[in-house]
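Just so you know, the sequences run in chain order U and L. First residue of the first sequence? That's 472 in our numbering, and the numbers climb one at a time after it. First residue of the second sequence? That's 68 in our numbering, and the numbers climb one at a time after it.
To be clear, the hints were calculated from the coordinates, so they are not data collected in a lab. Treat the hints with care, since some could be wrong.
As the list claims (entries may be wrong) - Below, simulated SDA-like cross-link-like pairs (lysine to any residue); rule was C-alpha separation at most 20 Å, straight line:
no., chain 1, residue 1, chain 2, residue 2
1, L, Lys241, L, Gly204
2, U, Lys554, L, Leu461
3, L, Lys457, U, Lys558
4, U, Lys554, L, Ile464
5, U, Lys558, L, Glu386
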Amino acid sequence: MNVIELVNLEKVYHEDMPDIAVHAVNKLNLAISHGEAVGIVGPSGCGKSTLMQLIGCLDRPTRGSYLLEDQDVARFGDNELAKVRNKRIGFVFQTFNLLARYTALENVMLPLKYSNDPDPRAKALTALERVGLSNRAHHLPTELSGGQKQRVAIARALVNTPAILLADEPTGALDSRTGSEILDLLLELNSHGSTLIIVTHDLGVARRMKRVVKLRDGRVEADGSPEAVLGAVDTH
Amino acid sequence: MSILETIRTALRALMSNKMRSVLTMLGVVIGVSAVVAMLALGEGTKADIETNIRSLGADVLTVRNGPAQRGAVRAQSVDSLKLEDAEALTAVDNVTAVAPASNGSAQIKRLAGNIGAQVIGVTPAYFQVQKLNLEQGSAITDAQVRGRLHTCVLGANVYNTLFPLGDAIGDHVKIKGLSFQVVGVLESKGSGFSSADDNVLVPITTHMSTLFGRQFVSSITVQVASEDLIDTAKTDVEAFLRMRHRLKPGDDSDFNISSTKDVLEAVGQITGVMTAFLAALAAISLVVGGIGIMNIMLVSVSERTREIGLRKAVGARPEVVLLQFLVEAVTLCLVGCGVGLAAGLACVGIMRAFPESAVGKASAPFWAMALAVSVSALVGLVFGLFPAIKAARLNPIDALRHE
Ligand SMILES: Nc1ncnc2c1ncn2[C@@H]1O[C@H](COP(=O)(O)OP(=O)(O)O)[C@@H](O)[C@H]1O
Ligand SMILES: [Mg+2]
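Whole structure, please, built from the sequences with the hints as guidance.
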């Protein structure tokens, strides 16, 4: 069964002003099924982030349909979308986006607070444990390293056990060793059943996915196994 | 997110920027304390004036010569009230005492002593109606009035000036060159509204004939059985006097009647306007405080745009974001209001420390405090709403992209 099905999806920025309008996502079709690990690659400005924001329900498509677990979320109202973002999507940002005045634990508890969870603390602690940070629960973001911050962000993304985990350049702000640890963590979560979609410009990261989608000018240019899309491994 | 959780989130945001929160509140603090202090001052002054007027007696009517004043003051005043009118008035329903008075002024002399005084011709009823008590001796009696005797009762100031060594009863003073025997001395009323201390009271008959040669009395004070009957009695007295003066229906009365109640109402209107004016001035500062809050909330929303974006990205519904910012604004207002109330009451306390002065009677009425609290909650809601709506409407991704 498909978790995500995008049909003729379009996102046009500034559509009302023809001279500066940008067709960031252009009649894109894509289907992703349960448990997949998909890497999205492509040159800068090809629409990767825009696509992720549409999939993450952070923005609405201009046209086209988006079926998330067979529901047409493109037609959802603000409150329903908030619920989808809260329950069914975990989003990991390149720049972490942690609340500076909240501890790691409180940051992870945030989605649970918005879903009126009866036991946010215990669940958040479990999530922190899964990302290996139970000993940093009461630290503020400023007291954490980049890798640790991203782990907190991942814990926040998975705390409501969402259907899909989305990560837009999750290793982009990290050194390569920390980056690969974060990737290990995401892949491990994927191996336990979460559907994972990662945007990356790092081909090394992309090669570790089971499937790679290459975009160009807002459309799918190539879609398949890493070898098929990216070619044989470059050995230097 | 539960309401409680939302309030906690809002308080946390305020606490993390204490200095700014305090400064923002200052506007409301000043506004509320000004409203409370000004209304307290207004109410106090009003109460003070009312007690003064009430001390003249809320149960009396005063009848004076001349047409009732409607609008502009009429130039020509006709004298019409006779001593017989006063005597006859005792027959009117609910009238318990009638005190005619004839006013004049003269120099009062004794030996080398000399003082200018109001000389008032009175009957015994005058002492009752004006609530005058005697320090020494006795009041003017009916016998003295009937016999047109040359007797007098001295006000405290007059007595002190003419009899520095005391012992006046039985002694004599000269009024307009005529010798009058002192039969009594009034208790001092102290400084106040039209003090009786400077008066000399003589039998009204003597006053009108021998001293001043008058046909008409100056005023007739009518005491009524109870305060509630004032209006009925006023109508009855008017009808009675019109009949005695043989006025036809449609003729203007040749006298006018005023009650303490009328004066109270007129004064109440004036002090009411004064209080409203003071309160309006204070309310303006409250509004200015509210604008300060709106300003800070707008800054706060734009500063925290990314935070709002993140909260929305993890599932905050627009209403929850709206509520959070609204709670912040209303909290600023209400806490400011609490501090302002305390400060306002402290001001009132300071004013009351001077019981002799005009501000000494200031007291903050409960409704003024309730008004201040509800107005500042309203100010918080109104001025917090715009920034809160702005925050709630933000598109999550636009908010997250905000630099
Ligand atoms: N908020 C925006 N307003 C206008 N144009 C945008 C906005 N966001 C992205 N774009 C444009 O859309 C295109 C795709 O951008 P993006 O999805 O960020 O690309 P990528 O993440 O692949 O680098 C780019 O040409 C970019 O300039
Ligand atoms: Mg991008």
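List of violated hint numbers, smallest to largest: 3
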